[in-house]
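*Asks:* Kindly generate the complete structure, drawing on both the sequences and the hints.
Protein chains: 2
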Amino acid sequence: MHPVLINGEWTPSQATEGFQAVNPATREKLPGLFPVSPLSEVTNAIEAAARAFEQVAGWPGTRFAEFLERYAVEIENIADLLVTTAHQETALPVSPRLKEGELPRTTSQLRQAAAAARDESWRQVTIDTAAGIRSAFGSLGPIVVFGPNNFPFAFNSISGGDFAAAVAAGNPVIAKGHPAHPETTRLLAQAAQQAAQATGMPAGFVQLIYHTPPEGGALLVTHPEVGASGYTGGRAAGLLLKEAADRAGKPFYAELSSINPVFLLPQGLSERFDAIVTEFVTSALMGTGQFCTNPGLVFVPAGELGERFISAVADKFNTAPVGTLLNEGTAIHLRAGIVALQRAGATVVTGNQPADGSRFCHANTLLRASTAEFLAEPMALQTEAFGNAALIIPVDTPADYDSMIRQLEGSLTGTIYSSLTGGDDALYDQIEPLLRRRVGRLLNDRMPTGVAVSPAMNHGGPFPSTGHPGFTAVGIPASLHRFAALRCWDNVRLDRLPAVLRDRNAEQRPWRQVNGQWTRDDVQTS
Amino acid sequence: MHPVLINGEWTPSQATEGFQAVNPATREKLPGLFPVSPLSEVTNAIEAAARAFEQVAGWPGTRFAEFLERYAVEIENIADLLVTTAHQETALPVSPRLKEGELPRTTSQLRQAAAAARDESWRQVTIDTAAGIRSAFGSLGPIVVFGPNNFPFAFNSISGGDFAAAVAAGNPVIAKGHPAHPETTRLLAQAAQQAAQATGMPAGFVQLIYHTPPEGGALLVTHPEVGASGYTGGRAAGLLLKEAADRAGKPFYAELSSINPVFLLPQGLSERFDAIVTEFVTSALMGTGQFCTNPGLVFVPAGELGERFISAVADKFNTAPVGTLLNEGTAIHLRAGIVALQRAGATVVTGNQPADGSRFCHANTLLRASTAEFLAEPMALQTEAFGNAALIIPVDTPADYDSMIRQLEGSLTGTIYSSLTGGDDALYDQIEPLLRRRVGRLLNDRMPTGVAVSPAMNHGGPFPSTGHPGFTAVGIPASLHRFAALRCWDNVRLDRLPAVLRDRNAEQRPWRQVNGQWTRDDVQTS
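Here the protein sequences come in this chain order: H and G.
Last residue of the first sequence: 1116 in the working numbering, with the numbers rising by one and none dropped.
Last residue of the second sequence: 1116 in the working numbering, with the numbers rising by one and none dropped.
Worth flagging that the hints you see were computed from the coordinates, not collected in a lab.
Bear in mind that the values here come from a model prediction, so they are computed numbers and not experimental data.
Mixed in with the good hints, there may be bad ones.
Claimed, not checked - Derived, one-sided and incomplete: chain H residues facing chain G with beta-carbon distance under 7 Å: (1) Arg687; (2) Thr719; (3) Ile723; (4) Arg724; (5) Pro841; (6) Arg1036; (7) Thr1039; (8) Ser1044; (9) Pro1045; (10) Met1047; (11) His1058; (12) Ala1075; (13) Leu1076; (14) Cys1078; (15) Asn1081; (16) Leu1087.
Stated by the list, open to error - Now the stretches of chain G that chain H is said to cover, found in silico as 3 or more residues with beta-carbon under 8 Å: (17) 642–651; (18) 727–733; (19) 830–843.
What the hints assert, rightly or not - Label pairs and their in silico Cβ distance ranges: (20) H:Glu815 x G:Ile922: 32 to 42 Å; (21) G:Pro1023 x H:Arg1099: 34 to 44 Å; (22) H:Ala970 x G:Ala966: 49 to 59 Å; (23) H:Arg1110 x G:Asp1085: 30 to 40 Å.
Here a beta-carbon is modelled for each residue, glycine too, at the ideal position from N, C-alpha and C.
*Replies:* Below is the structure:
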């Protein structure tokens, strides 16, 4: 049984139960037995994190930056091994997905987070010299990160966006790995531990638990010493954890589910028919459809144009290779999602059959439902079929767009393709305000699966896509604010203020709001 | 029965039950029967607010600013009537509290919120020209505001800080008034309605419900059309509403309870003994102790100095006038809080008896408990006794500060008085990091009851003082973020962007973060 990383040491687990990963491309168990940590072990991790938090409180951002930058190098040092291992555990393609895509994205995120930590502008220091009050965001406490199955590096509990944001904001992290790729997570944790030791981080700053029973999860998100949690994963498990965290008054940032509606307006679809078919199919089947921003629900004009689109997509779904799904659970969920859509009135256009019994997969599946069917069962027809499946709705009349959008749950993204020469402008203007408030990111003429790590990105949205519409999980420095507390100093003597709040702007010269003006300058004492 | 303000009209209520306010200074019922609105009426208000929200979506901030500024004038036009009425309903002194204090504070908040709405810097526009992504905070949806009993103007559901912030962020408000001061709230609502009409706000932008059963409250905070809620009030009712809102995935900003620990370090207390006694007593009894930032728990050095402080405070508590409490419920709660403290080991130094049967009041009450007693029952000895009561703990040894602070729940404020000549510095450095993370606002050498409306203010803190440690209820523009959604525009055509996101910075020239730099300039297209 593999040890767990607790309090700065790889420690023999107290677990009585273990699990093995499964290669989804062969259905064979992979070597390595990983522990299901009991509550006592979870408690040890929380207590160690609390001690680490006290030790690092007040450290300048450069200390966290040094760790993050060293960690990025440690990851690059074992890049080939990481890629091979993640491929075995997830069946995601080595190249370009894991090697040229996700791994560099991960190290880039760590370095961007390091830059934000070093700069400290993210703290949004606000100084009111007349009132003698100064405020800033600062570290919150140990952060628990629950990683998802679909990004073994870039959203991994111990290397992904939440991890990077939590550390950059000055917090220890307790990573709760996803049980589908434990060996990948173990390798990352080793690299993190080496970086932590090399850069003088305290024991307990970075810890790893591979798996724990539901009570262990509840303990993690509710413990008084924990600051907040980040969760990316399934809706049912996420809602249970959220309820526990809410009751304890602990912030719980959850990315739960999103169907990412796409609207293909008539003139635009006519003008660029072939390109849009290709863009949609590529986006829908990319990563076997296992993206949180996968376009799962597409609205096309009813009639000949919409029918032609459905046929063209069906042809491509038929002939495209059938990707391997991440694990057996994903395959089961996908089939269950399709069944739920069928029960709610959708019919299968193509796919929905076993494709290859030697691996976890399901034929690329296209479904359709009419405007009337959607309006009769709007909630059930928004069931997320996570994977290589999509539902197309031909829209009968322009007024139906409004009725249907009003029924949409919150999504991470909403996309509108429209004519480049103005032919859809009236319809765009009609639907955009309704769609805008239901999605975190609005796109034009581009499929939603690409999520740039930009300061302007919003990878967030109204419930249930996330638990709070004011935060983003991707995009630095904005993502740091989830793991930060707002604090103010009122009449506190100047020599007792944290460096970033003093009159002289500190070495890194962060942007600060001084008496209403954003500036990198010192406070002018008159 | 008074009508309710729904959908732009004073509408006869469907209520079958009514209530009257009571003059706390005489225990006499005041004229005017106010409705307890049934669910159907609550639903009407929500639906009207949703329509109003669609109408104002996309309006420039100036439109909301015009309403807020006009409203401030309308309030000033009836200032005398408001002050007289609020005094009758709350027994808060006319002068200076209501007339020179709270009323000008309220109109100032409305005007500061107007300035923020007009300027739009609060939206924190972020532009990444290379990625083609732009983001901003924007309006969230109808906001429900539950006002508390203790600030009939400055935190009133229809005129206070939450109201001003919600409107400045572009949201309609459904005010749920506090039943202790309905006539004050009615007058404010009339002024708000006049301002709304004069400035062309849609029907349903500002609405008022005086009271509703618990199911009505739950409906308000969970309805799909509602964006978020702000709640200031008792902990039990607040936690019930919070649980309902959390389950529905709706942000619920709650200010629940706060004991605001104060540490009087030995040298500082010696140096300025008389001044500190006076400052503490003034702060503790101000407004009959009915402030969320009232200093309810005071740590002094054990021994002669601490005993002398306790005696001096007891003397002043004895001789100070006994203020009238806001209503019968407050009086009952105060006595219940004192009983809970006694059960947990505290003993009464002075007070804790009926003072005057003709009004709602209770003698100024000072309690004490030892270090050992506090450490034995730390949670129970943090029971909030809202009103003119305080608990003093003599601290046995320097190490006991740590043990006790580690047991403190989250508070809005934490205060340390220390020597001006360095004699307490070691102790300050020891306790400050522990206290800092448990409070939203840290003070030196000043009592916490003054809450300046400053951009740097943080009137927030860890649970249970509030429900989320990242937000403030006072301080503009920061308080607007509670009622805002983060949204981004990805590859959206430039002419379709909201004005504030376009290359040319709009008329008001808000601060924007363009490619990492804060600026009021246009985007430079190269």
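*Asks:* For every hint, state whether the structure bears it out.
*Replies:* Hints, one by one, checked against the model:
The beta carbon of arginine 687 of chain H is not positioned within 7 Å of any beta carbon in chain G (closest approach about 21 Å), and the interface hint is therefore violated. Hint status for threonine 719 of chain H relative to chain G: violated, with the closest Cβ pair at about 9 Å, above 7 Å. With a least beta-carbon distance of about 4 Å to chain G, the hint placing isoleucine 723 of chain H at the interface is held under the 7 Å criterion. A hinted interface residue such as arginine 724 of chain H counts as satisfied when its beta carbon comes closer than 7 Å to some beta carbon of chain G; here the least separation is about 5 Å, so the hint holds.
Checking proline 841 of chain H against chain G: minimum C-beta separation of about 6 Å stays under 7 Å; hint holds. At its closest, the beta carbon of arginine 1036 of chain H sits 5 Å from a beta carbon of chain G; the interface hint therefore holds under the 7 Å criterion. Of the supplied interface hints, the one on threonine 1039 of chain H is violated, with its beta-carbon coming no nearer than about 11 Å to a beta-carbon of chain G, more than 7 Å. Contact between serine 1044 of chain H and chain G, as hinted, is supported at the beta carbon level, the nearest pair being about 4 Å apart and thus within 7 Å.
Checking proline 1045 of chain H against chain G: minimum C-beta separation of about 5 Å stays under 7 Å; hint holds. With a cut of 7 Å, the hint placing methionine 1047 of chain H at the interface with chain G holds, because the nearest CB-to-CB distance is about 6 Å. Evaluation of the histidine 1058 of chain H hint against chain G yields a held restraint, the C-beta minimum of about 6 Å falling below 7 Å. At its closest, the beta carbon of alanine 1075 of chain H sits 4 Å from a beta carbon of chain G; the interface hint therefore holds under the 7 Å criterion.
The interface hint given for leucine 1076 of chain H is met, as the beta carbon of that residue sits about 5 Å from the closest beta carbon of chain G, less than 7 Å. The criterion of a C-beta within 7 Å of any C-beta in chain G is met by cysteine 1078 of chain H, whose closest approach is roughly 4 Å, and the hint holds. Taking 7 Å as the C-beta contact cut-off toward chain G, the hint placing asparagine 1081 of chain H at the interface holds, the least distance being around 5 Å. Because the smallest distance between the Cβ of leucine 1087 of chain H and any Cβ of chain G comes to about 10 Å, over 7 Å, the interface hint for this residue is violated.
Only residues whose beta carbon comes within less than 8 Å of a beta carbon in chain H count, and the stretch 642–651 of chain G has 3; three or more means the coverage holds. Coverage of the stretch 727–733 of chain G by chain H holds. Counting CB-CB distances below 8 Å, 3 residues qualify, and the rule asks for three or more. Proximity of the stretch 830–843 of chain G to chain H, defined as three or more residues with a beta carbon under 8 Å from a beta carbon of that chain, is established by the 8 residues found. The hint said 32 to 42 Å for the Cβ distance between glutamate 815 of chain H and isoleucine 922 of chain G, and at roughly 35 Å that hint holds.
For proline 1023 of chain G and arginine 1099 of chain H, the Cβ-Cβ distance of about 25 Å falls outside the hinted range of 34 to 44 Å, so the restraint is violated. For the pair alanine 970 of chain H and alanine 966 of chain G, the supplied restraint of 49 to 59 Å holds, since their beta-carbon distance comes to about 55 Å. One distance hint, 30 to 40 Å for the beta-carbon pair arginine 1110 of chain H and aspartate 1085 of chain G, holds here, with the actual separation near 33 Å.
The structure is inconsistent with the numbered hints 1, 2, 7, 16 and 21, although it conforms to all the rest.
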